[in-house]
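Given the sequences, and given the hints that come with them, work out the whole structure.
Protein sequences appear in the order of chains E and G.
All residue numbers for the first sequence refer to the numbering used here, where the first residue is 1 and numbers rise by one.
All residue numbers for the second sequence refer to the numbering used here, where the first residue is 498 and numbers rise by one.
It is worth saying that the hints were derived from the structure and are not from the lab.
A quick note: this is a predicted structure, and the numbers were derived from the prediction, not measured.
Where hints are given, some of them may not hold.
Stated by the list, open to error - Calculated Cβ distances over 12 Å to all of chain E for the following chain G residues:
| # | residue |
| --- | --- |
| 1 | 587 |
| 2 | 608 |
| 3 | 639 |
| 4 | 643 |
| 5 | 736 |
| 6 | 746 |
Unchecked claim - Restraint-style ranges between C-beta atoms, simulated for each label pair:
| # | chain 1 | residue 1 | chain 2 | residue 2 | range |
| --- | --- | --- | --- | --- | --- |
| 7 | G | 515 | E | 413 | 37 to 45 Å |
| 8 | G | 670 | E | 481 | 53 to 61 Å |
| 9 | G | 515 | E | 417 | 30 to 38 Å |
Claimed, not checked - Rough simulated footprint, nothing fancy, chain E against chain G, three-plus residues with beta-carbon under 8 Å:
| # | region |
| --- | --- |
| 10 | 567-581 |
| 11 | 590-604 |
| 12 | 705-716 |
| 13 | 721-732 |
Cβ coordinates follow ideal geometry from the N, Cα and C atoms, glycine included.
If you want the building blocks of each chain, they are given just below.
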Amino acid sequence: MAFTRENVYELGGDWAPGILWYARGVAAMKAKALAEPTSWRFYGAMHGVDTKLWHKLGYLPTGDKKPSSKLQKAFWKQCQHGSWYFLPWHRGYLIAFEANVRAEVVKLGGPADWTLPYWNYFKPHQSALPPAFASADWPDGQGNNPLFVTQRYGPNSDGNVFVPVSQVNLKALTIPQFTGVSSGGSPGFGGVDTGFSHGGSVHGGIETQPHDWVHGLVGGGDPNNPQIPGLMSDPDTAGLDPIFWLHHANIDRLWEVWRRNPPSHVNPTDPNWVKGPGNVGERIFEMPMPDGSTWKYTPGDMVDLGNLGYGYDDYAAGGAAIAAPVQGIAGVAAVETGKHVELVGASQGAVPIQGGDVSASVHLDKAVRQKVTQGIAAAAAAPDRVFLNLENVTGTSDATAFHVYVGLPDGAKPEDHPELQAGSIALFGVRKASLVDEEHGGQGLTFVLDITDIANALHLTNKLDVDALHVRFVPVTPVPKEANVKIGRVSVFRQGS
Amino acid sequence: MTPAARERRQVEVPVLLVTLAAWAVLIVRPGAMSLSNSCCIPSTLQEGLSTMSLHMLMSRNPLSTLATGWLLMLAAMMTPLLAAPIRHVMDRTLARRRWRSVLLFVVGYVAVWIVAGVVILSTALAVRLFWPHSLLPIVAAATVALMWQCSPWKQRCLNRGHAHTPIAAFGGAADVDALRFGLTHGVWCVGSCWALMLLPELFAVGHIPAMAVVTVWLIAEKLDRPSTPRWQWRGTGKATRLVIAQTRMLLQRG
Chain E
1 MAFTRENVYE LGGDWAPGIL WYARGVAAMK AKALAEPTSW RFYGAMHGVD TKLWHKLGYL
61 PTGDKKPSSK LQKAFWKQCQ HGSWYFLPWH RGYLIAFEAN VRAEVVKLGG PADWTLPYWN
121 YFKPHQSALP PAFASADWPD GQGNNPLFVT QRYGPNSDGN VFVPVSQVNL KALTIPQFTG
181 VSSGGSPGFG GVDTGFSHGG SVHGGIETQP HDWVHGLVGG GDPNNPQIPG LMSDPDTAGL
241 DPIFWLHHAN IDRLWEVWRR NPPSHVNPTD PNWVKGPGNV GERIFEMPMP DGSTWKYTPG
301 DMVDLGNLGY GYDDYAAGGA AIAAPVQGIA GVAAVETGKH VELVGASQGA VPIQGGDVSA
361 SVHLDKAVRQ KVTQGIAAAA AAPDRVFLNL ENVTGTSDAT AFHVYVGLPD GAKPEDHPEL
421 QAGSIALFGV RKASLVDEEH GGQGLTFVLD ITDIANALHL TNKLDVDALH VRFVPVTPVP
481 KEANVKIGRV SVFRQGS
Chain G
498 MTPAARERRQ VEVPVLLVTL AAWAVLIVRP GAMSLSNSCC IPSTLQEGLS TMSLHMLMSR
558 NPLSTLATGW LLMLAAMMTP LLAAPIRHVM DRTLARRRWR SVLLFVVGYV AVWIVAGVVI
618 LSTALAVRLF WPHSLLPIVA AATVALMWQC SPWKQRCLNR GHAHTPIAAF GGAADVDALR
678 FGLTHGVWCV GSCWALMLLP ELFAVGHIPA MAVVTVWLIA EKLDRPSTPR WQWRGTGKAT
738 RLVIAQTRML LQRG
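And the structure:
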């Protein structure tokens with residue numbers, strides 16, 4: 001049977017049958033004990049788990065029986081981030097989750113072809129949280145709607161949950177290569193070549209934006225205690241929010257959009273990607289299925305959506321509102337990125353992000369800067385790309401999100417200069433990445449933003465040939481001092497021939 | 498090959514060449530670094546220990562030979578572990594400063610190991626002096642190494658050895674950061690490897706094979722990712738799985 005995932009806003013009503021059955025399926029999974037591999041919380045823990053945080057948020061009552069250590073070791077803490085496995089792992093995770101919900105739906109007398117909807121927040125008038133998820137009640141007015149969670153605070157941390165359209169983009173769809181480098185250049189559309197990576201350091205293009213950003217803005221932080229993230233803001237709690245799955249269905253759809261447009265976009269063929277981390281002696285991807293079996297899969301198994309029996313009702317990137325950003329700069333976006341990556345300059349020391357606006361100066365090396373300007377002037381067949389790196393970002397609050405502007409004049413209002421916005425960063429996973437005795441070794445996260453367009457524009461107005469480039473960080477909501485958010489180094493790299 | 502793998506190879510190849518060169522010297526001239534016993538040292542403590550014995554031992558193991566041997570041992574055993582941090586230094590440094598920064602990193606790293614070497618070699622010499630023909634010190638050192646291997650403190654050192662800190666781009670600050678990174682990386686490396694590094698020094702016979710075994714072990718445990726410190730067996734997990742996976746792949750190709 002082929003399953004077609006459909007837009008949640010176009011199912012025929014706020015509580016269309018597809019949504020209602022999802023809610024019933026979720027309720028059935030939530031009713032199961034944590035120790036059961038097909039339970040709601042077990043599936044959430046497969047994405048990530050922090051028992052102290054779960055307990056604090058009320059998802060792990062004292063005395064609640066956990067699964068055996070063998071089950072935990074096999075299934076929990078599997079999500080792949082900062083890795084070229086990000087997309088294929090989540091595709092398998094979605095399919096397995098969907099199979100479990102569908103099994104519950106069928107048990108309850110629902111349709112055997114029930115399919116998970118996706119949330120395309122890019123489409124006009126669809127950026128608000130789908131209404132069924134925003135209501136504490138079932139459609140008949142009865143409480144305990146399983147799609148509703150209280151720890152979903154929204155971009156302004158006031159409970160109004162939506163995705164600000166002006167703050168998300170689909171520039172990642174213009175990245176020509178699936179995988180890239182971790183040395184300061186493009187990390188690629190799908191992320192950098194890693195082993196099993198339950199939270200790698202360098203996030204790929206589609207992972208940084210829109211994936212991380214939507215996580216951070218939908219989840220937000222507890223307004224009464226900013227150290228407490230919304231469920232969606234932290235990888236260790238994100239899988240507990242029912243909207244997580246619709247967001248990831250959209251990210252999965254965008255992978256298919258990227259692959260189809262243009263046809264030169266191809267998935268990796270390297271055996272270490274195709275065969276997955278098992279090929280290098282690491283954990284394999286495995287999911288508990290409703291019949292009690294374990295489904296093991298590799299990224300290679302995930303490349304052909306049709307063969308998996310899945311499809312989407314729409315392969316357009318977003319909607320009319322975001323058509324322009326997808327195109328990028330004509331003649332540049334589709335060009336292959338060069339192999340040579342080189343540091344152009346960096347900030348002197350770390351940059352703490354506290355309160356509102358924060359500025360930093362990136363000192364540029366004269367000789368390398370001239371290479372960049374010459375590359376732009378020459379308009380070569382494979383022009384240099386320029387990347388802003390936010391290295392070793394650490395902190396304790398995953399709910400932190402900020403916009404990054406480059407070359408903004410002193411005193412200028414950021415909102416008046418959207419052309420100078422390098423990107424928007426949500427620190428999804430930063431808390432764990434900052435812990436010394438976790439997988440990152442405490443070195444934090446690194447974000448890479450393509451600022452080629454801005455560098456070109458600055459060059460045309462003679463503002464690139466300067467000793468220092470000003471970078472401004474504008475938090476969505478003020479960052480408390482206790483969050484200890486710090487960028488280890490802000491740097492600029494060129495990537496070319 | 499992926500772009501990231503291509504970049505990794507740019508560092509891994511020279512690192513491998515240095516490692517192989519060091520091993521070639523060790524195999525061709527094994528006496529270049531192994532400690533020598535003195536035929537005149539009393540076989541038991543009860544027979545008395547004379548100043549002459551110590552002088553005899555030192556004359557057979559002059560400081561210059563000890564230092565050369567220790568550096569050769571470091572080059573053979575530790576160089577393979579430095580590919581990732583050296584790549585970090587190269588990636589995050591201006592192209593014209595790369596080799597200078599790598600050199601400073603290595604200087605910092607080796608400096609820590611030289612200090613550690615004084616302690617390790619002194620211990621080994623003391624063992625030769627007091628128990629020249631006894632297996633007891635080797636058994637004791639192996640027991641200590643085993644306990645350290647399983648301890649949470651070892652994991653703490655391993656975890657910190659995986660962290661790659663930011664490096665300033667310009668001037669003296671860039672030099673200081675590269676040197677500091679080498680020093681801190683060296684400290685955590687000594688913290689995780691000291692017990693295993695002591696072991697080969699205690700082998701009067703079979704010193705080179707013992708070094709080879711320890712080197713493989715150190716590389717294997719470095720393959721594992723940082724994890725929560727606790728008492729557990731560590732060092733062979735991922736390496737074993739890697740060998741099995743690669744063997745299976747080769748057999749499938751065949």
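Here's how the hints hold up against the structure:
no.	hint	in the structure
1	587	8 Å, violated
2	608	22 Å, holds
3	639	27 Å, holds
4	643	22 Å, holds
5	736	7 Å, violated
6	746	7 Å, violated
7	515(G) / 413(E): 37 to 45 Å	55 Å, violated
8	670(G) / 481(E): 53 to 61 Å	26 Å, violated
9	515(G) / 417(E): 30 to 38 Å	50 Å, violated
10	567-581	violated (count 0)
11	590-604	holds (count 4)
12	705-716	violated (count 0)
13	721-732	holds (count 5)
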